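Construct all of the structure, not just a fragment, from the sequences and the given hints.
FYI, this note's numbering numbers position 89 of the sequence shown as 457, with every residue one higher than the one before it.
Since the hints were made in silico from the structure, they are not lab data. Treat each hint with caution, since some may be false.
As the list claims (entries may be wrong) - List time: in silico PhoX-like cross-link candidates among lysine-lysine, alpha-carbon distance up to 25 Å:
#1 LYS470 - LYS485
#2 LYS467 - LYS440
#3 LYS516 - LYS485
#4 LYS410 - LYS470
#5 LYS565 - LYS544
#6 LYS488 - LYS544
#7 LYS516 - LYS544
Here the structure is a predicted model, which is why all the values come from computation and not from measurement.
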Amino acid sequence: MIKTNFEDYHLSSELLKAIGLLNFECPTEVQKQVIPAVLEQKDIIVKSQTGSGKTAAFAIPICQLVDWEENKPQALVLTPTRELAMQVREDFFNIGRFKRLKVAAIYGGAAFYNQEKELKQKTHIVVGTPGRIIDHLENGTFDMSNIKYLVIDEADEMLDMGFVEQIETIIAALPKEHMTMLLSATMPGGIKTLCSKYMKNPIHVEIEEKDKASDRIMQTRYNVDEIDKMQLLRDITIVENPDSCIIFCNTKQKVDEVFNMLSDLKYACKKIHGGMEQRDRLIVMNKFKQGHFR
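Okay, structure coming up:
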């Protein structure tokens with residue numbers, strides 16, 4: 369039966385206190401279906417858009433299940449970026465604060481030695497990016513012998529960024545008996561293959577968007593000569609003053625031209641096209657998500 373209150377899941381008083389302080393009044397649709405499945409330690413595949421409450425959907429039951437007395441990490445959450453790793457780590461910390469759960473964030477770009485020191489201490493949950501997790505595994509600084517819960521977050525982004533092989537390396541190093549949860553906004557073929565290969569009779573949860581993105585988009589067309597396009601683009605960005613925007617061009621050369629014009633106008637912008645190195649493209653995409661430029 370679907371629960372309508374967090375109290376119905378028989379969570380500890382420490383978790384309910386934290387949930388109350390976070391102003392989680394009642395479970396979202398994804399939480400209603402995911403929390404009981406995770407509490408029963410069943411493999412689960414979740415297809416749901418960002419903003420649906422996915423992180424709390426797995427963080428709440430994992431915080432309930434982990435044993436505070438155990439010193440070795442019991443849960444591992446894989447994320448595609450260090451920014452998401454830090455965010456998920458913060459969510460776990462807030463939910464598990466009164467249970468005094470220790471959560472480590474492991475990602476590239478931060479001091480390896482400091483992460484090693486943190487992993488040597490009592491740690492219940494590890495959140496990290498695949499590459500840095502593998503670095504710690506290869507250096508013997510991350511003991512995964514007691515991992516019972518694996519979460520693969522934003523799996524479609526993992527696929528796009530070429531992390532599937534690294535994920536498989538990590539899964540191979542885990543104890544044979546563990547629960548796996550995979551979350552994704554879309555389900556491309558590579559993700560389905562990963563699920564069929566490593567998950568046991570998974571429960572499938574798909575949450576429909578109440579307001580689809582296409583329903584929230586307004587389209588306007590301007591007929592303009594080629595010579596006037598740059599001036600019109602400048603006028604539109606001034607009038608609309610968007611917090612962020614994406615400008616599509618039909619050639620790499622045109623991307624360079626528009627980028628140079630906007631840069632001359634002192635716009636905070638970056639360019640991305642097929643002529644760039646993949647690493648540079650990924651950096652631009654991640655910075656755009658963080659709102660570093662318009």
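* Asked: In ascending order, which of the hints set out earlier in this document are inconsistent with the structure?
  -> none
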